[in-house]
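Novice: One-letter residues, chain by chain:
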Amino acid sequence: MSLSDRQAPSTRLAIPELLIGLGLLACAAAVAWQTLAIPVSPLYSKVGPRVFPYITMAGLIVLSLLLVLAALRGGWEPEEEKETPADWKAMGLVAAGLVANLALIQPLGFTAASVVMFVLVCFGFGSRHPLRDALLGLALALAAYFGFARALGVNIGAGLVENQLNPLIDAVLRMGRS
Amino acid sequence: MDTLGYLAHGFAVAFTPTNLLWCLVGTTLGTAIGVLPGLGPALTIALLLPITYQVAPEASFILFAGIYYGAMFGGSTTSILLNTPGESATIVTALEGNRMARSGRGGAALATSAIGSFVAGTLGTLGVAFLAPVVVKFALAFGPAEYFSLMVLAFITVSAVLGSSSVRGLTSLFVGFVIGMIGVDLQTGQPRFTFGMAELLDGVDVIIVAVGLFAVGETLYMASRRYAGKDEIVPLKGSLYMTASEWSRSWRPWLRGAAIGFPIGAMPAGGAEIPTFLSYAIEKKLSKHKEEFGTVGAIEGVAGPEAANNASAAGVLVPMLTLGLPTSATAAIMLSAFQSYGINPGPLLLTTQANLVWGLIASLFIANVILVILNLPLIGLWVRLLKIPAPQLYAGILVFATVGTYGISQSPIDLVILYLLGVAGFLMRRFDFPTAPVIIGMILGPLAETQFRRAMTIANGDWTVFYRHPLSLTLLTLAFIGLVGPHIWAWIEHRRRRGPEHVPGDA
Chain A
59 MSLSDRQAPS
69 TRLAIPELLI
79 GLGLLACAAA
89 VAWQTLAIPV
99 SPLYSKVGPR
109 VFPYITMAGL
119 IVLSLLLVLA
129 ALRGGWEPEE
139 EKETPADWKA
149 MGLVAAGLVA
159 NLALIQPLGF
169 TAASVVMFVL
179 VCFGFGSRHP
189 LRDALLGLAL
199 ALAAYFGFAR
209 ALGVNIGAGL
219 VENQLNPLID
229 AVLRMGRS
Chain B
1324 MDTLGYLAHG
1334 FAVAFTPTNL
1344 LWCLVGTTLG
1354 TAIGVLPGLG
1364 PALTIALLLP
1374 ITYQVAPEAS
1384 FILFAGIYYG
1394 AMFGGSTTSI
1404 LLNTPGESAT
1414 IVTALEGNRM
1424 ARSGRGGAAL
1434 ATSAIGSFVA
1444 GTLGTLGVAF
1454 LAPVVVKFAL
1464 AFGPAEYFSL
1474 MVLAFITVSA
1484 VLGSSSVRGL
1494 TSLFVGFVIG
1504 MIGVDLQTGQ
1514 PRFTFGMAEL
1524 LDGVDVIIVA
1534 VGLFAVGETL
1544 YMASRRYAGK
1554 DEIVPLKGSL
1564 YMTASEWSRS
1574 WRPWLRGAAI
1584 GFPIGAMPAG
1594 GAEIPTFLSY
1604 AIEKKLSKHK
1614 EEFGTVGAIE
1624 GVAGPEAANN
1634 ASAAGVLVPM
1644 LTLGLPTSAT
1654 AAIMLSAFQS
1664 YGINPGPLLL
1674 TTQANLVWGL
1684 IASLFIANVI
1694 LVILNLPLIG
1704 LWVRLLKIPA
1714 PQLYAGILVF
1724 ATVGTYGISQ
1734 SPIDLVILYL
1744 LGVAGFLMRR
1754 FDFPTAPVII
1764 GMILGPLAET
1774 QFRRAMTIAN
1784 GDWTVFYRHP
1794 LSLTLLTLAF
1804 IGLVGPHIWA
1814 WIEHRRRRGP
1824 EHVPGDA
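Read top to bottom, the protein sequences are chains A and B. Using the working numbering, read the first sequence as starting at 59 and increasing by one per residue. Using the working numbering, read the second sequence as starting at 1324 and increasing by one per residue.
I should point out that these hints are in silico values taken from the structure, not numbers from a laboratory. Among these hints, one or two may not hold up.
[As the list claims (entries may be wrong)] From the derived model, a few chain A residues whose C-beta atoms are all more than 12 Å from chain B:
| id | residue |
| --- | --- |
| 1 | Arg70 |
| 2 | Leu218 |
| 3 | Ala229 |
[Unchecked claim] Simulated restraints on C-beta separations:
| id | chain 1 | residue 1 | chain 2 | residue 2 | range |
| --- | --- | --- | --- | --- | --- |
| 4 | A | Leu231 | B | Tyr1564 | 55 to 61 Å |
| 5 | A | Arg186 | B | Gly1703 | 27 to 33 Å |
| 6 | A | Lys140 | B | Val1378 | 44 to 50 Å |
| 7 | B | Tyr1564 | A | Pro165 | 54 to 60 Å |
[Unchecked claim] Derived SDA-like pairs (lysine to any residue); straight-line CA-CA distance at most 25 Å:
| id | chain 1 | residue 1 | chain 2 | residue 2 |
| --- | --- | --- | --- | --- |
| 8 | B | Lys1611 | B | Gln1662 |
| 9 | B | Lys1710 | A | Ala197 |
| 10 | B | Lys1710 | A | Lys140 |
| 11 | A | Lys147 | B | Leu1750 |
| 12 | A | Lys140 | B | Leu1743 |
Idealized CB from N, CA, C, for every residue including glycine.
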């Protein structure tokens, strides 16, 4: 970016920034609603569970109003970001991968859901070898499942693939021990 | 026992074979995630938090500390060879380091940054060992009111003083407060901010927040700017050995960097950006080779900031271990690891958990030695790691994000929260909101509330307690100056500049 094409700070309203400010104002409203819903025992009169939520709510209101004000004055999005249009197709594919993972993880299990997500995300990032990605994803998901999750003692449930492999792994482990 | 005695005891803890192994695993993993763009120590430690249910506290903290130090070493490799700073603290390293690599002196840049990191990391760790007991003596005089005021000061410095905008920094912090308050209020047992959902009674796990903001948010951000130009890996040329003149140009910046980085890191402000930029400015001013800055790359501009970065990373451990005050996202996640063991970091930690603290400090010395070996002779290995293509790298990050999140309670609700936080992380990245204050706010917010309520209970509900105690008043005044001072300063500067020399567009 050269100096000559730098624009004078615009005084135009910046829509995305305005939406962020208003969204935070809505958050403050949700905080207020939930704070009023906190039951307070009359016996507990000193500093109850509502004081900090109120302080947080007040802070959020002031900050979101300041952000709205900044948005009305032209916003604050860095120049470098403005010059880079978002690649909605890539983001959409990544989001589709995440949603697929969320939808499939209970019916099919972690490994199968991960493979679907892996392929969609790779495709979104420009990879054009879905089959190779699926195999890579399978290898990585199995490594994550049997290495990471079992080593950490994290239970991520079992699905189609894990049910086939768990007895096998257990058998191998038993053989290793005896 | 004096510090040296404790330190000797710490080495006895750290030199057991299992703990050495944890240190090796941590440093290797830390270097790897430091090298890989898109992964950082905060995210990695968050994903590994479940290990606290499996192993002894010493083992997991030695592992985490190895990751923490390793990421600093690995991050500089990426900065130098790829010009994409792996961590915010290595932005400055990229300035000169990448230019050096482009002019065929990448080997020397990597060597001065690794050895400088070792020197400064060792000095910084010594600083932790000797400063921590001093701070503890001071901290024992703190009551709840002082603790609360100190936390207010830390909140202001991490969110409002550092970073590009105090309003956006504070917004991140307050969002962190809201997330931290979700769940059952510890003092009265009342549910807060649960929206009537039983899943939220236990609160939102820090793993979900860190993974959402750092892994999912980062992936969405990288996907959104897929065409924003790719950085090329500069092939590693030249020997890794520094010439005599490179040595003589490096050692003073190392020491100066360490002297700048450690005190700033140890202050309840934290952050590695300020010391690295400060060190860069000083080295540029003092250098006899000014013409190399910004052209072929000056070795001083790599040596100084790298040392400052590692010394400040060590410094951050001082308020963290002695006051329970985390000033970076990584330190905040380590604090939640302490909580998971039921340990409260604070002035008593050094005596009640002597094995843990001194074993940890001793292991940091060992980690530094391992890291300089891992990062110089084995540098080729890490360069290969840089060649992992982006599609598979980010898809893989999301697989591990799923393991870390879904593994907490096998609840799809957690994944929904994770993805919502991911979208928030993307927007924050795009619209320049800092993410670290969210993590610090969610971990430290509830602790500040506890101290606040304790102080108010002791004072019988009298608000004046916070400014009747001189120490508390001082801390609050400092916080106020930190919040308002820069704005007044900018306003004065603005008034002064509005003279004849006003340049249009000089923002």
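Novice: Going through the numbered hints above, which ones does this structure break? Give me the numbers in ascending order.
Specialist: 4, 8, 10
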